[in-house]
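J.: Sequence:
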Amino acid sequence: MSNKCSGQCESVVTDSSIKDIKNTDAFDGRFTTEYKVPKMDCPSEERLIRLALDGIEPPVGLKFDIPNRLVKVFHDAHLDEITTKLQSLNLGATLEITRESCSVEATQAKESAKENEGKETIILKWLLIINGFMFFCEFIAGWIAQSAGLIADSLDMFADAAVYGLAIYAVGKSIKMKLKAAHISGWLQVILALGALSEVLRRFIYGSEPVSNLMIIFGALALIANVTCLFLISDSKENGAHMKASWIFSANDVIANVGVILAGLLVTLTGSRYPDLVIGFLIALVVLNGARRILQLKY
Numbered sequence: 001m002s003n004k005c006s007g008q009c010e011s012v013v014t015d016s017s018i019k020d021i022k023n024t025d026a027f028d029g030r031f032t033t034e035y036k037v038p039k040m041d042c043p044s045e046e047r048l049i050r051l052a053l054d055g056i057e058p059p060v061g062l063k064f065d066i067p068n069r070l071v072k073v074f075h076d077a078h079l080d081e082i083t084t085k086l087q088s089l090n091l092g093a094t095l096e097i098t099r100e101s102c103s104v105e106a107t108q109a110k111e112s113a114k115e116n117e118g119k120e121t122i123i124l125k126w127l128l129i130i131n132g133f134m135f136f137c138e139f140i141a142g143w144i145a146q147s148a149g150l151i152a153d154s155l156d157m158f159a160d161a162a163v164y165g166l167a168i169y170a171v172g173k174s175i176k177m178k179l180k181a182a183h184i185s186g187w188l189q190v191i192l193a194l195g196a197l198s199e200v201l202r203r204f205i206y207g208s209e210p211v212s213n214l215m216i217i218f219g220a221l222a223l224i225a226n227v228t229c230l231f232l233i234s235d236s237k238e239n240g241a242h243m244k245a246s247w248i249f250s251a252n253d254v255i256a257n258v259g260v261i262l263a264g265l266l267v268t269l270t271g272s273r274y275p276d277l278v279i280g281f282l283i284a285l286v287v288l289n290g291a292r293r294i295l296q297l298k299y
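Per my numbering: the sequence shown ends with 299, consecutive numbering throughout.
Bear in mind the hints are in silico, worked out from the structure with no lab data behind them.
Watch out, some of these pointers could steer you wrong.
To be verified - With a cut-off of at most 20 Å between alpha-carbon atoms, the simulated EDC-like pairs for lysine to aspartate or glutamate come out as follows:
{"hint": "1", "residue 1": "72", "residue 2": "41"}
{"hint": "2", "residue 1": "72", "residue 2": "46"}
{"hint": "3", "residue 1": "176", "residue 2": "81"}
{"hint": "4", "residue 1": "180", "residue 2": "199"}
{"hint": "5", "residue 1": "85", "residue 2": "46"}
{"hint": "6", "residue 1": "36", "residue 2": "81"}
{"hint": "7", "residue 1": "39", "residue 2": "96"}
{"hint": "8", "residue 1": "176", "residue 2": "46"}
{"hint": "9", "residue 1": "72", "residue 2": "96"}
{"hint": "10", "residue 1": "180", "residue 2": "46"}
{"hint": "11", "residue 1": "63", "residue 2": "81"}
{"hint": "12", "residue 1": "72", "residue 2": "34"}
Using the sequences plus the hints, can you model the full thing?
T.: Here it is, written out as structure tokens:
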């Protein structure tokens with residue numbers, strides 16, 4: 001394996017020599033250590049590695065090459081700590097080489113991280129706008145149509161809008177902060193799902209006359225909106241717990257939207273309000289299940 005990097009960095013260093021090199025004027029304050037990680041074959045292992053190294057101070061920089069099972073760590077004098085943490089994950093991590101960091105390579109890694117964070121923020125802002133708008137549309141339509149299904153779906157949209165707001169806050173934060181944001185959004189889902197269940201119960205007891213045409217029309221609009229959200233987030237769904245939460249919520253919404261449309265058709269065919277109550281109940285359960293999956297995230 002070559003020790004050189006674009007002709008700028010040629011020195012291979014060891015942990016015992018890091019302190020001496022750090023005190024010279026030529027050293028820019030960082031090292032690059034490359035690890036071979038045989039069991040790193042998907043983004044899940046990448047998230048585990050990021051979490052394991054998250055608490056090191058000063059923070060380390062990471063660059064992943066998943067197809068070749070390689071991780072580059074940009075760091076200061078913490079080689080033993082980094083190696084111990086990586087090996088504790090039982091992914092077969094072995095240290096390949098440590099050398100002085102190339103300024104160009106370190107800068108490219110930083111710029112790549114900033115670029116990804118910028119893309120995430122843009123995506124999440126669009127998701128926030130789409131879900132916030134659809135919440136108002138579906139809630140008003142559900143109230144007019146006396147549809148428990150539409151109201152439950154609108155509350156789900158509101159929860160998702162809050163999720164995306166929290167995810168925007170988490171962009172650029174530590175993995176632990178992203179996980180905390182995801183968990184907060186999961187508890188919010190629980191609260192709103194219970195609210196949807198109470199609305200279903202109220203309409204079951206006191207009665208309702210759902211307007212099937214409005215259910216079908218607004219269910220279809222919500223479906224289009226959520227398929228758009230899935231398309232927007234598909235390439236970023238593995239970029240941390242906050243993005244994974246966003247993907248799970250949007251996928252749940254697609255299922256719920258199809259259910260609202262089917263319930264509207266059944267109300268038309270049977271003249272009964274029960275299909276609407278059933279779909280409202282099922283949507284609430286889907287939301288609760290999505291919340292459960294979010295609260296189980298432990299990357």
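J.: All hints, please: hold or fail.
T.: Evaluated hints:
1. 72 x 41: 16 Å, holds
2. 72 x 46: Holds. Residue 72 to residue 46 sits at ~12 Å (cutoff 20 Å).
3. 176 x 81: 19 Å, holds
4. 180 x 199: 29 Å, violated
5. 85 x 46: 14 Å, holds
6. 36 x 81: 16 Å, holds
7. 39 x 96: 15 Å, holds
8. 176 x 46: Roughly 14 Å separates the two Cα atoms, so the pair holds.
9. 72 x 96: 10 Å, holds
10. 180 x 46: Given pair residue 180, residue 46 holds - Cα atoms ~18 Å apart, limit 20 Å.
11. 63 x 81: 18 Å, holds
12. 72 x 34: Judged against 20 Å, a Cα distance of about 4 Å means the pair holds.
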